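Hints are included, so try docking the two chains, each in its own frame, into the full complex.
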Amino acid sequence: MSGVRVLVGTRKGAFILTSDEQREDWQVEGPLFAGHEMYHIKGSPVDPNRLYASQSSDWFGQIMQRSDDGGKTWETVGNEFCYDGVPGTHQWYDGTQHPWEFKRVWHLEPSLHDPDTVYAGVEDAALFKSTDGGQTWTELSGLRTHSSGHLWAPGAGGMCLHTILQDPGNPDRLFVAISAAGSFRTDDGGKTWHAINHGLVSPWELPDSDAEVGHCVHNLAMHPSRPDTVYMQKHWDVMRTDDAGANWYEISGNLPSDFGFPIAVHAHEPETVYVVPIKSDSEHFPPEGKLRVYRSRTGGNEWEPLTTGLPQANCYHNVLRDAMAVDSLESCGIYFGTTGGQVYVSPDSGDTWKAIVSDLPRVMSVEVQTLS
Amino acid sequence: MIRVILPAHLRTLARVNDREVSIDGVAQPVTARTIVDALEATYPMLKGTIRDHRTKERRPMVRFFACEQDISHDPIDTPLPEEVASGKEPFWIVGAMSGG
Chain A
0 MSGVRVLVGT RKGAFILTSD EQREDWQVEG PLFAGHEMYH IKGSPVDPNR
50 LYASQSSDWF GQIMQRSDDG GKTWETVGNE FCYDGVPGTH QWYDGTQHPW
100 EFKRVWHLEP SLHDPDTVYA GVEDAALFKS TDGGQTWTEL SGLRTHSSGH
150 LWAPGAGGMC LHTILQDPGN PDRLFVAISA AGSFRTDDGG KTWHAINHGL
200 VSPWELPDSD AEVGHCVHNL AMHPSRPDTV YMQKHWDVMR TDDAGANWYE
250 ISGNLPSDFG FPIAVHAHEP ETVYVVPIKS DSEHFPPEGK LRVYRSRTGG
300 NEWEPLTTGL PQANCYHNVL RDAMAVDSLE SCGIYFGTTG GQVYVSPDSG
350 DTWKAIVSDL PRVMSVEVQT LS
Chain B
0 MIRVILPAHL RTLARVNDRE VSIDGVAQPV TARTIVDALE ATYPMLKGTI
50 RDHRTKERRP MVRFFACEQD ISHDPIDTPL PEEVASGKEP FWIVGAMSGG
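Going line by line, the protein sequences match chains A and B. Quick note on numbering that gives the first Met the number 0: the first sequence kicks off at 0 and runs consecutively. Quick note on numbering that gives the first Met the number 0: the second sequence kicks off at 0 and runs consecutively.
Extracted from the complex, chain B is given alone in its bound form (with noise of 0.2 Å):
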C-alpha cells in the first residue's frame, strides 16, 4: 500500500475528505510513474490533472515531493525510497507555489 498526499482541488474532485489516500496495487518498482498510474486507476477523474493523457509529461505547475525532497525532475521511473514504497512516508502531489 502506497500512501499519496494530494492537493485541495484534486481531493474535491476525486471526492476523498483526507488529504492522504492509500493506493493498493501499485507496480513495483514504485516509481512517481506507477503511483501516478494507480492513482488514475483508482480515480479516473483524475486523469489529465497530473499528468498529460498522452505524453504523460508532469503538468508544469504540479510537483513530487518524496521524503522532504523535490523529485519532480528526476526521471519519471526512477525508483522512489524504501520509506516511500514501504508506505512508511507519503508521496506528496503539490500544486506548484504560486501567487502572494
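Bound conformation, chain A alone (with noise of 0.2 Å):
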C-alpha cells in the first residue's frame, strides 16, 4: 500500500510523520536528534530509505546523519566542509569585506541518480558534493569563486546556498540559489556557473535595481517534466524563467503581497504553483493574521487562495523556505510547517487542509517522500 513519510526539521529536533495514500491518520515519531536545529532532511529519489540530515548547534557547529533505513536508525557521517583553497571575502551586512566562513548546512539535495551522492549547500555560500554517502565532502569551488562572489552579501539569516534543483534529463545542470547573491547555474556538472539573474529587480535592497548579483532569492521550485522552467519566490516578487535562467520575467499578480520563502509546484501539473504571502520583510507574518496558501493553476499571475482549514484570524507565524513541499500521490499533497510549530497537509492540492501536528518547535524544513 502506498504512503508518506514527512521529514520535518526544527529548531529542536526532527520528527517524522507517516501516514497512508489517504493521510487522514498519522503516526509521529520524535524528537529525533533532540534539541539540536535540523536544518534539512532529505531522501534519496532513487532508495527512499536513504536519508541525509543537517544537525547543527552554535555550540557543536555542523553534524552530518544518515539513515540508511527509513529513519529507524542513523549513523554520524563526515563534517568536514573545507573550502576549496583560499575563500577569500565577500561583502558583509555594512558594505565592507568579510572573511568566507563555513557555519552550517542549509540545504542537502540528493541526487537523482545515485544514492550515495548528494549535494550540500552551505553558510557561508558554497556548494559541496558527497559521493561517498556523506562520508566526505568536496566543496564545487567553480560557484564559490564565480567572478561576482566579493559582491555577494548575507541575508537576514546568513549568506546561505539554500536552494539547490537537478535537470532530470541532464546530470550536469544544476540550479542553486544564494541568499542574498541571487541565482546560478551549472551546465558543467559544476565546474563553472553563470549568474542568471536577468530580469530580477531588486530596488529596496539594492543600489543598482538590476544588478547582475545580489539579489535576495528565497527559493526555486522546478516541476521535472519542464527543467527550462523555473519558479522563484524572491525577497519582493515572484518571477518565473521559461529559458533556465537566461530571463525571468513577473508573476505575483494579484497576491495580496509578493514577499515571502517558499515556493512549490504540483506534482502532476506543471503550470500549477504554490506560494505562502508574508506581509513584509519587517513584518514577517502572514497578511491580515491570516493564513494563506495561494495557488495559481495558470503558472502565475492568477492566484487564489486557499484557506480551509487554515486559520483566518489572529495567525502570526511565518513559513520558512525550506518548509513547504508535495508528495506524488494520485491526488497531489502539498505540507508546510510553520514557525509556529504546525505542519500541515492538503490530500487535495491544497483544496482542504489539517493539522498533523499543532506544537512542534519552530518548523525549519518539510520534505515528503512518497512510498510505494
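The set of hints was computed from the structure by calculation and includes no laboratory data. Be careful, since some hints might not be right.
Claimed, not checked - Below, a list of computed lysine-lysine pairs in the DSS-like style, where the Cα atoms sit at most 30 Å apart:
| hint | chain 1 | residue 1 | chain 2 | residue 2 |
| --- | --- | --- | --- | --- |
| 1 | B | Lys-46 | A | Lys-11 |
| 2 | A | Lys-71 | B | Lys-46 |
| 3 | A | Lys-278 | A | Lys-289 |
| 4 | A | Lys-190 | A | Lys-102 |
Quantities reported herein were computed from a predicted structural model and do not represent experimental measurements.
In C-alpha cells:
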C-alpha cells in the first residue's frame, strides 16, 4: 500500500510523520536529535530508505547524519566542509569585505541518480558534493570563485546557499540560489557557473536595482517535466523563467503580498504553483493574520487563496523557505510547516487543509517522500 | 587513563550514557590537545564538534575546565595539572553558558 513519510526539521530536533495515501491518520515519531537545530532532512529519490540530515548547533557546530533504513536508525557521517583553497572575502552587511567562514549546512539535495551522491548547500555560501554517502565532502568551488563572489552579501539569516535544483534530463545542469547573491546555473556538473538573474529587480535592497548579483532569492521550484521553467520566490516578487534562467519575468499578479519564502509546484500539473504570502520583510507574518496558501493554475499572475482548514484570524507565524513540499500521490498532497510549530497537509492539491501536528518547535524544513 | 566529562549533546553523539568517559592512550605530556586527540580517536563522531578539523582551534562556545580553573584560553599545549594527568581529577569539556 502506498503512503507518505514527511521529514520535518525543527529548531529542537527532527520529526518523522507517516500516513497512508488517505493522509488522514498520522503517526508521529520524534524528536530525533533532540535539542539540535535540524536545518534539513531529505531522502534519496533512488533509494527512499536513504536519508540525509543536517544537524547544527551553535556550540558544537555541524553534524551530518545518514539513515539507511528510512529513519529507524542513524549514523554520524562526515562533517568536514573545507573550502577549496583560500576562501577570500565577500561583502558584509555594512558593505565592507568579510572572510568566508563555514557555519552550517542549510540544504541537502540527494542525487536523482545515485543514493551515495548528495549535494550540500552551506553558509557562508558554497556548494559541496559527496559521492560516498556523506562520508567526505568536496567543494564545487567554481561557484564560490565566480567573479561576482566578492559582491555576495548575507541576508538576515546569513549568507546561505539554500536551494539546489537538478535537471532530471541533464545530470550536468544544476540551479542554485543564494541569499543574497541570486541564482546561478552550471551546465558542466559544477565546474563553471553563470549568474542567471536577468529580469530580477530589487529597488529596495540594491543601489543598482537590476544588478547582475546581490538579489535576495528566497526559493526556487521546478516541475521535472519542464526543467527550463523555474519559479522563484524572491525577497519581494514572485518570478518565472522559461529559458533556464536567461530571463526572468514577474508573475506576482493579484497576490496580497509578493513577499514570502517557499514556492512549490504541483506534482502532476507543471503550471500549478503554490506560495505563502507574508506581509513584508519587516513583518514576517501573514497579511491580516490570515494564513493563506495561494495557488495559481495558470503558471502565475492569477492566484486564488486556499483557506479551508487554515487559521483565518490572529495567525502570526511565518513559513520558512524549505518548509513546503509536495507528494506525488494521484491526488497531490501539499505540506508546509510554520514557525509556530504546525505542520499542515492538504491531500487534495490545496483545497482543504488539516494540521498533522500543532505544537512542534519552530519548523525549519519539510520534505515528503512518496512510498510505494 | 584520563577522565573526561562531556556535555549532554556530545554524550548523545558519542552514544555514551555516563557524563564521564575514560580515555586511554593520551600522549604525554597530558595537555588539552592530547586529550582531545585521544578523545577523537576513541569517538570519531566527535571530530569537528570540539575544535576545528584543520586549524584545531577550540570552537568559540566550548570551554575547557581543569581543577576548578577555566583553562580555555591557555595555550593548547600547556601541560595540565598532575591531578588531571593522573586521573584523580577529570578534564571538563563544557558548552559555554548561554541564554536564560
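Q. Has the given pair, Lys-190(A) with Lys-102(A), been kept, meaning a C-alpha gap of at most 30 Å?
A. Holds - the C-alpha atoms of Lys-102(A) and Lys-190(A) are around 23 Å apart, at most 30 Å.
**Q.** Pairwise hint evaluation, Lys-11(A) against Lys-46(B), where the allowed Cα distance is 30 Å at most
**A.** holds (22 Å)
Q) Has the given pair, Lys-71(A) with Lys-46(B), been kept, meaning a C-alpha gap of at most 30 Å? A) The given pair, whose Cα atoms are some 24 Å apart, holds under the 30 Å limit.
(Q) Run the distance test for Lys-278(A) versus Lys-289(A): straight-line Cα separation, threshold 30 Å. (A) holds (10 Å)
Checked against the numbered hints given earlier, the structure satisfies every one of them.
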